[in-house]
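Knowing the structure of chain X, use the given hints to seat chain Y with the ligands on it.
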Amino acid sequence: MKRCPNLVDTGRRQFLRGTGLAAAGLATAAAIPHEAKAASTLARVSYPANRLGNVSELKLNEPVDVSYPDADAPGVLIKLGQRVEGGAGPDGDIVGFSTVCPHKGFPMNYNAGDRTLNCPGHYSRFDVEKGGQQVWGQATQNLPQYVLRVDAKGDIYAEGLDELLYGRLNNVLA
Amino acid sequence: MAFKRNIDRLPIIPADAKKQTAVCHYCIVGCGYHAYSWPVNKQGGTAPGENIFNTDLSKQQAPESDAWYAPSMYNIVKQDGQDVHIVIKPDKACEVNSGLGSIRGARMAELSFSQARQTQQQRLTDPMVWRYGSMVPTSWDDALDLVAQVTATIVKAKGEDALFVSAFDHGGAGGGYENTWGTGKLYFGAMKIKNIRIHNRPAYNSEVHSTRDMGVGELNNCYEDAELADTIVAIGCNSLETQTNYYLNHWVPNLRGTSLDKKQAQLPGEPHAKGRIIFIDPRRTVTINAAEAEAGKENVLHLAVNSGTDLALLNAIFTYVVEKGWVDKDFIAASTKDFDKAVKANKTSIEDAAKLTGVPAEDIIKAATWIAAPKEGKRRRAMFAYEKGIIWGNDNYRTIASIVNLALATGNVGREGGGAVRMGGHQEGYSRPADGHVGKPAAYVDKLLIEGKGGVHHIWGCDHYKTTLNAMEFKRVYKKRTDIVKDAMNSVPYGDRPAMVKAIVDAINAGGLFAVDMDIVPTQIGQACHVWLPAATSGEMNLTSMNGERRMRITERYMDPPGQSMPDCLIAARIANHMERVLRAMGDAKYADQFKGFDWKTEEDAFMDGYHANEKGGKFVTYERLKAMGTNGFQEPATDFKDGKIIGTKRLFADGKFGTKDGKAIFFEAQWRGLQAPGKDEQKRKFKYLINNGRANQVWQSAYLDVESDLVMDRWPYPFIEMNPEDMAAISVKQGDLVEVWNDAGSTQAMAYPTPTARKGETFMLFGYPTGVEGNVVNAGTNELVIPNYKQTWGNIRKISDAPAGVKHLSFKSQEYKA
Ligand code: SF4
Ligand code: FES
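Quick note, the sequences are listed as chains X and Y, same order. Residue numbering for the first sequence follows the numbering used here, beginning at 21 and increasing consecutively. Residue numbering for the second sequence follows the numbering used here, beginning at 242 and increasing consecutively.
Okay, chain X solo, but in the shape it has when bound (with noise of 0.2 Å):
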């Protein structure tokens, strides 16, 4: 697309901010987890199960920026206040998604007014509330989702994605 560079550029930038921040927040989780290899003569891929961290530290519709299944996916874990299909820990309202525009990969930004993730690219927008429904927008695809469990203790893994991430034909990079 011809538009401005600087722009495309931002959005580099941000994108790989967004992968830092993401990285620096696992540095101080309590358990990084080993990355697992896709296992090519399985149906699908192999998820790793990793931690991307505590209930505890989840405010009320308060994004914390992750990433998963590595560093180069930044996404978010948000605490919703009210149960939703696809909710995980003792309230069922965490939710994780994929915050990279799954039309072209712009990074997105959340609107805690009304709960929706924001794409500056061409103006996709992506509802946390509705398992990242595409409120309106140029994807192909609803938000890729994370299959949360929260185990006893209030850790947050991430175990699984429901659709495709962008910029990578295996969502496990191998």
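Everything labelled a hint here was simulated from the structure, so no lab data went into it. These numbers were taken from a predicted model, which means no experiment stands behind them. Hints may contain errors.
[Stated by the list, open to error] Which bits of chain Y does chain X cover? Going by a derived footprint, with three or more residues having C-beta under 8 Å, they are: (1) 298 to 305; (2) 335 to 346; (3) 1054 to 1060.
[What the hints assert, rightly or not] Distance condition first, Cα-Cα at most 35 Å in a straight line; then the derived DSBU-like pairs of lysine-lysine: (4) X/173 x Y/1049; (5) Y/886 x Y/857; (6) Y/300 x X/173; (7) X/173 x Y/886; (8) Y/619 x X/173; (9) Y/857 x X/79; (10) X/79 x Y/886.
Quick reminder that beta carbons are idealized off the backbone N, C-alpha and C, glycines included.
For chain Y with the ligands alone, coordinates are given in the frame of chain X:
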């Protein structure tokens, strides 16, 4: 939960994959794509040498990467009977879209026919006939014989006016030069069919008649003009959703200021700033929201007119511009006529217009200033874009004339950064013998069918049941008339052809209608038909079309058509062959001879017989040359073939010569005369809500393929109706509830979508949707040239039921991007 594919990896395109040119077959923009295919037992790898991108695919790719494709861009299809992987992805090197794919076009692969992956299993694979009480497969010869026997008997007995035809006239899927020529040669060459209509309107007429009569063909600029304009005037067009990548790739750079370099380089000697934009639309659209996000609110002016009053507004702007002297006097003198006449006739004061349109006077003046106030002594460049808000709006002929008047007066046709252009729906692809015999006004075909006229109806890629006006009455009568024939067919053994033809003809004589449907899928009107003939679509045949800047390309055949289906042009040719045979057998050699000249074997034969031999510049254009021109093609008309390239025409009328006898564009008188179509005024008085209507971003046309798209049907199980939340509360309707929309024309259903930006009393409903047909409530009133007036519809709304389970998972949040 929202629909998810649970696809976590895709086959990689190998380095030696086959690469073919494809153009998106949905909207007018005609974005460039490539179809990559390779054998089903092979795959590429992540190492650079192992994939077509020569890229390390074991790494995360950056935004706007060429080396990524979505699951929707992948499928397994057949090529020459063998399964192959296919990826259809947007082309970065195409000037139209620069690698962008929209939510419609980027699903082309997924919406292709695949036995291996069970997509588009609705596609018709065989000719089908009504036999023993249902539609069942038969051979081409059997079906064509039945069609030809009945058609020939009726046209011989009752004349060709008893054969009614509904036929696409556009490009892209369900159209293209090959197929418009095939059908055109059959109905306008071999026959002279008068009772013919087009896919989206009940007559055979131009949607933009006045601009043509003024000598200003409607696709006169190029997409780059949107990058060069000082001001874009968007009238009744919602381009982010309906010409998506044109908007994103050519309007947005101007609004954002990133086309400034281009302006300075191409247009030196005048001041330049980033673009401003004016929207004339009763509704606040996502296009307006996106323009504000890019250009800043201060550079976006939304004139939210009262529905149907655009003409008064445009005349007031015209009058103001003329009074201020902001007109291009030299251009008017050299290239136009009747300016003074139009000035006098169309004179409208700002105050009168403000009263009529509901737009504040200062905003009208601001619009006139943005359009025409000189910039440091230089002429301001304004591009005028219009589409269905005007085309399907009140007083089509005059309103379009008023747009062209304004563009001509300000010297904005044939110049950089200008244009008075329709935005378009499908691509174009019209090549047919002369249609003068149809007459003007053309026959109102739907009305004649309702009145019991016609004996045989041939339908090509049209679904009146979803996309016509007065649809409820049309369906009621159509079903009744075609049922008469079905009952007659049930009364004789299918194998006794003479008895069958006699039974059908007798039924026609008793008020019945014999209906033949040529389509790629079973349609709603098809449920009433007696024969279905399966057609191939874009990519299953070589297909040529041109986009909204007259850019002509070929989509190469990248997969086999399903089953026995074949291109429409060849179906038309085979009907002609059978007509010739049957008429000869009836002893009418003279009539039979009219059906000669249809010995085409391929779509290329039809192309050479039609476009190549008949269209302006066509002699320079062949399949081989088009293939070499790739996704960028050339802009029609072709003027030469030089150095291996077809030479095209960037802008029309650049020499100041227009499409009239003396080459002068004509200003038209176009006075405001209220709601012009019969019954509209009364409907407006009687019913509470404006039922404005149109498209949704996710859906292509009447959803004929999207009905089998999980992504789309998950988002829109029912057509939405955007309503102001207070209007909803007043009738106790909650989000997702199903409501009935009803008025004096009919009734239909929709799903309430709370929309705070919707003005009270003004709703907007998705048009042409299979699970709730808006056309049911559009009355039969048309303009003087039988152009339907879908937009000015009023109705009442009442609740039918609480939100059904199928809509519980939907998001009802605002569709406007929020930074
Ligand atoms: S903008 Fe139109 S032509 Fe381009 S990909 Fe989308 S539907 Fe196809
Ligand atoms: S990259 Fe997000 S909408 Fe295009």
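* Looking at the structure, which of the earlier hints fail to hold? -> 7, 8, 9, 10
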